[in-house]
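Q: Position chain B against the provided structure of chain A, taking the given hints into account.
There are 2 protein chains.
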Amino acid sequence: MSVLVVGSVALDSVRTPNGSVEEALGGSASYFSLSARHFTDVQIVAVVGEDFPPQSRELLVAKGIDVGGLSTQPGRTFRWTGEYGADLSYAKTLATELNVFAAFHPALTPAQRKAETVFLANIDPELQLEVLDQVESPRFVACDTMNYWITSKREALLKVMRRADVCLLNDEEARLLSGDAQVPRAARLLLDQGVKRLLVKKGEHGAMLFGHDERFFCPAYPHEKLVDPTGAGDAFAGGFVGYIDSARTHGALPLRQAMICGTALASLCVEAFSPRRLAEITREEIAERVKVIRTLAHMPDVALD
Amino acid sequence: MSVLVVGSVALDSVRTPNGSVEEALGGSASYFSLSARHFTDVQIVAVVGEDFPPQSRELLVAKGIDVGGLSTQPGRTFRWTGEYGADLSYAKTLATELNVFAAFHPALTPAQRKAETVFLANIDPELQLEVLDQVESPRFVACDTMNYWITSKREALLKVMRRADVCLLNDEEARLLSGDAQVPRAARLLLDQGVKRLLVKKGEHGAMLFGHDERFFCPAYPHEKLVDPTGAGDAFAGGFVGYIDSARTHGALPLRQAMICGTALASLCVEAFSPRRLAEITREEIAERVKVIRTLAHMPDVALD
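Sequences listed follow chains A and B, in order. With my numbering applied, the first sequence covers 697 to 1001. With my numbering applied, the second sequence covers 697 to 1001.
So that you can see chain A by itself, here it is in the shape it has in the complex (with noise of 0.2 angstroms):
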């Protein structure tokens, strides 16, 4: 079993009122990729600037992640600056560099080809079609996406999406691309529109997953110490993707099963800026979590005569 994530390695300058960091890793697939290598095994297909620090690219190799289709390219590696208010609920972004991911077209060689899960991270639409063209007979495939290119490349976005098994999308972003304000609705249109199942990520409320003949909301943890947000929403991708590859199957269970624990990740990984929370969690940390999550939503039987 393996995971082949598709998204950007980039280094990230980040402020909140807990304090702030200047260039450390970041990116949709350092974050996806340090949690869903809990579950399975990771390859990050992704660009990389010469100026990429050592260490970093040490950190991903020590914990276990296929770093063969992180490729070094001349020039800077992408940067992205973003500032959280008192609520931490989101970033406002004060620069994005893209630098050597402005000309980033993923190639997969023959062995990634055949992977099996692929987790298609918020980047170009048309790179993630790119990428769907050349994996050969994909089990299980999950797409995130920004409101960026929701507003400048819906067509393309819509193919990717018809395409994944589930597709990640915030509320805003639901909201935004189906153009009705309100969640449920919004669903319903995208489902309508060929998407086989949506999973609306609500940041400090929860998650909930919207198919065809299901429908299951899993409440974020109630955090006291949240530190950085960032790489939240790739920290829940990753155990979502990373447990479902593991399950091998993503029949109604495991993917209720895959919720938990990826809003059990997201959870650990705000603990601290960038992903180190995500590099020093163990195994045991992580189902600790996740049964305070599934306890905290644990449902009794109602008798209503």
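Hints may be right or wrong, so weigh each one.
Copies of the same chain look alike in the list, so a pair counts if it fits in one copy or across any two.
[To be verified] DSBU-like cross-link-like pairs, simulated, lysine-lysine; straight-line CA separation at most 30 angstroms: (1) Lys788 - Lys921; (2) Lys921 - Lys892; (3) Lys759 - Lys921; (4) Lys788 - Lys855; (5) Lys892 - Lys987; (6) Lys892 - Lys810.
Don't read these hints as lab results, they were simulated from the structure. These numbers were taken from a predicted model, which means no experiment stands behind them.
A: Just chain B, lined up with the frame of chain A:
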């Protein structure tokens, strides 16, 4: 078993993208009692003016609600006018006419003073304290409030909240009252100030109970046919408090069951304008909605070796 509710009975004019109503039955005590009556007996303590429509009083009576404490005073009934935008997430108040409600001072009869379960709906916290000083030995007290009282009568409100078994607030109110933008920390701060249990209503996302030793998240029903959200919070409170009264205990298990019932009643309430659905729904419809909500967040075991 019976619940005493002290709150407002009003005439509401409401506009939504789905239509509008003029001077329909409204007010926290109306929504609460029409919801709670599905679980237990309800007595209203409130005031209306001479213009209160006889058919509205008759509706309450027909639904088994004790309106002996619904006093008629010279003048006009409390009126509220509000409007919702496309996402139906919150009401913009266009006009409030207190009318006879401005001079309301709840005076309980000897029978009402023996109430075992009390719901202090959203009224001036000084009036809520007057009620608490009149009831003799309630088994269970719940209270609600709004941003206006949080800013104008904070100390009186905190006194009420410390005397209640469960305090209902929405997430914005919890932030405003605590001064902390993150809800789990806001809840902790309020518990540290002597509040026994906080029930944070998160609208479309659900509701979360924060106690000293217990936390429970109940997701909202993902409505695709939301018509008018007016009264959803009071319908929730009615299902919640009504269930607790019928269970005659408020341990961790009945609190969870009560939150599921509150969620079900709120979701049924919003399917039509005014408390129309609360007046017509059957026990079977409630049981069916409870089942859907329980299934929505059913948490399977997750085996992590």
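Q: Look at each hint and say if it fits the structure.
A: Do the hints match the structure? See the list:
In this assembly of identical chains, Lys788 and Lys921 lie within 30 angstroms of each other by CA distance solely inside one copy; the values are 21 angstroms within and 33 angstroms between copies. In this assembly of identical chains, Lys921 and Lys892 lie within 30 angstroms of each other by CA distance solely across copies; the values are 22 angstroms between and 35 angstroms within a copy. Taking the closest pair of Cα atoms, Lys759 and Lys921 come within 30 angstroms of each other only inside a single copy of the chain (25 angstroms); across copies the shortest separation is 47 angstroms, beyond that limit. Within a single copy, Lys788 and Lys855 get their C-alpha atoms as close as 29 angstroms, which meets the 30 angstroms cut-off; across copies the closest is 39 angstroms, which misses it.
With identical chains, the CA atoms of Lys892 and Lys987 are at most 30 angstroms apart both within one copy (29 angstroms) and between copies (25 angstroms). With identical chains, the CA atoms of Lys892 and Lys810 are at most 30 angstroms apart within one copy only, with a shortest distance of 22 angstroms there and 56 angstroms across copies.
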